[in-house]
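Participant: Each chain is listed here by its residues.
2 protein chains.
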Amino acid sequence: MASFSSTASADSTNPLNALNIFNTLSSEAQHAPSSGIIGMVEYARGKEGLIPLWVGEGCLPTPDFICDAAAKALKAGETFYTHQRGIPELRQSIARYHQRLYDRPFNPERFFVTGSGMQAIQLAVRMVAGVGDEVVLPSPAWPNLKAAVGVASATAVEVPLDFASDGWRLDLDALFGACTSKTKALFINSPSNPTGWTASLDDLKAILAFARQKNIWIIADEIYTRFYYDDARTNAPSFYEIARDDDKILFVNSFSKNWAMTGWRVGWLSAPPAVADVIGNLIQYSTSGVAPFMQRAAIAALEDGETFVTEQINRARVGRDKLLDRLQGNNILRYAPPAGAFYFFFGVEGEDDGLMLAKRLADEANVGLAPGFAFGQSGSAFMRLCFATHPDQMDLAIDRLNLWLSKE
Amino acid sequence: MASFSSTASADSTNPLNALNIFNTLSSEAQHAPSSGIIGMVEYARGKEGLIPLWVGEGCLPTPDFICDAAAKALKAGETFYTHQRGIPELRQSIARYHQRLYDRPFNPERFFVTGSGMQAIQLAVRMVAGVGDEVVLPSPAWPNLKAAVGVASATAVEVPLDFASDGWRLDLDALFGACTSKTKALFINSPSNPTGWTASLDDLKAILAFARQKNIWIIADEIYTRFYYDDARTNAPSFYEIARDDDKILFVNSFSKNWAMTGWRVGWLSAPPAVADVIGNLIQYSTSGVAPFMQRAAIAALEDGETFVTEQINRARVGRDKLLDRLQGNNILRYAPPAGAFYFFFGVEGEDDGLMLAKRLADEANVGLAPGFAFGQSGSAFMRLCFATHPDQMDLAIDRLNLWLSKE
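Residue numbers (my numbering), protein chains in the order written: chain A, 4 to 411; chain B, 4 to 411.
Isolated chain A, as found in the complex (with noise of 0.2 Å):
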């Protein structure tokens, strides 16, 4: 009776069952694609002595001052339910750092915490696309984009950003001429990721207001805002420099990028008030909230990171230059250089497979990169360097993919 052993029994291993199952899975799930980023830290988990450039994450654990936060709020007891919105304080503590970043009053009725950015870009797609919708982005782009649209029935249409050696251009022609009556929402990345790809303060006006001609949706990804690196501005261009209170813009973002928080899984949706209900219901359905003591490790990110946001800052732009100016064999790279965000998005001139160069890359040369076709069929000749990192660590990878390229 009992065979639900820790040996995989005859039926499981049984290919053809194990088929029967996974043809009674929802399309969706059947469809949900590995993410070739995940594939690839998976083919070289664990290699010894080998930089794994491959995320988006540095070097650095979170700094004391948020972990001392989360655990003096254990020791006070802080483990029960908690606003499935958030904990007003937190709500608080994100409305004053948008006012800081924009130099104007937010309300904090319009920022609701999430189990991640990933978590905020799931509820946002949920919001407005379902069966036979299409939600239309530029890419190359960030895999969980396009797949978080399929997981909600929807369809990803992909607008090719445009190369050239002085960066990515994203043609708005294209990307209007995209969308059609199926349309619900634009996705824009900015600064992007993989690309370092970042609109201008006219393109954003241009999108926005084609959006509000068109009754759709943005959902904005600015997340890596504050990695630009542009002499002219501080921070690259914002919706929120532009929008109205009420426009229809979903604001995705994450505390894993700025306060070195990726393991933690908190990030935050930012919204018209009108839509508020539905949010928190979906919230509710999906994860119910997230853990009050994380909330508070989260204020004190706010609060007191500026510094550490600075320095997070100054490392990846250290590494951008370090990249730029140290890479040899420019003749054969492909790449143009970022604008923002903190990776370096490079090909090999006449290579067309970015898998089995990133492959290669990790057994040959030690380093461990996202292979671009992870990102779509138009990023697919190159890989992704993340750049946010130690400069030590940072010379020691030019080092070794110079000696690789010498070879090549």
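For chains that are exact copies, the list does not tell them apart, and a pair is met inside one copy or across any two.
Simulated crosslink set (DSS-like; lysine-lysine; CA at most 30 Å straight-line):
#1 K75 <-> K50
#2 K78 <-> K50
#3 K208 <-> K185
#4 K325 <-> K50
#5 K362 <-> K325
#6 K185 <-> K217
#7 K362 <-> K50
#8 K50 <-> K410
#9 K325 <-> K410
Treat the hints as calculated values from the structure; they're not laboratory data.
Fit chain B to the supplied structure of chain A, relying on the hints for placement.
Facilitator: Below, chain B without anything else, positioned relative to chain A:
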């Protein structure tokens, strides 16, 4: 230009404009219901001296040994991205926990760490159901089950349990008769929140046989399995006692109840290995995993928490006994002694509006209960009281209820 202000703009307070925004949302988002439990909490949150027995948690914070494990992992820098399926040590620990409960080995690969039991439910539903599909479930039921089905674009079909003063009963013929060609899964919550109904092993055998024959899934919510009040056995009957490794059962579970970790939002999903990749992908595109330092705490709960769990169970048993022994006015109360879980689901003879009763009890007796309508039409005359709390608090609540009943 910058009118994104902290005071609502003229536009956002215009109800017509708010309605226009709402109407652009996806059907799934528009129809996600507000939780009647949360609604009640919001009705009376902060009422001085109110005894809150409306949600499924006691008054004990998470034990120190669990919190300390999280704090220690934070100190050790376990703050980076980690395995989307859960860290191997926790998956092994969950497998050992099941081995102790069911006295045989389990494959750690069948367990997936999730950001709450709720997320496990969301993932399970998304896996098996989509547009046009149906999920059949006994009712009254925890509202989030039905709502999660709706968010996945599918339809929940409720099969009312029959109320009798010696126990709620499930008519298996009615359950099976509710299944059509559209049915993708049976959602079986046993012991049941809110009724305490608990399936017998024969019930489970019949349900499993039916599901196998129809080639449909079972989503098994056995979260309350250890809160069981039949002296004949320790834990409630479980599908684990009769199922094969490759049966199409998705078990959802949570650290919330056994280990007083409601606020943490950590749970797990247990599934046939054939769908492991799909689960990993769906986790990736919803929250991308659970904080590693929280997973260390979960390991501590499983490995060192057995004494505490026993105390939790005893506390619930004491609370249940007090209610059944001390609650007066039994001639006007309608209830069945719960076989399992830790809720007392009761109504007042001649009163069919449990919401009105719950509001009156909050206002007039200062006891917070969940209104039964939240659990489905068949529960609308009832109210739910969580008795997994301190004996003194139970006594005080019963005193207040008795006083209120004496005035009825």
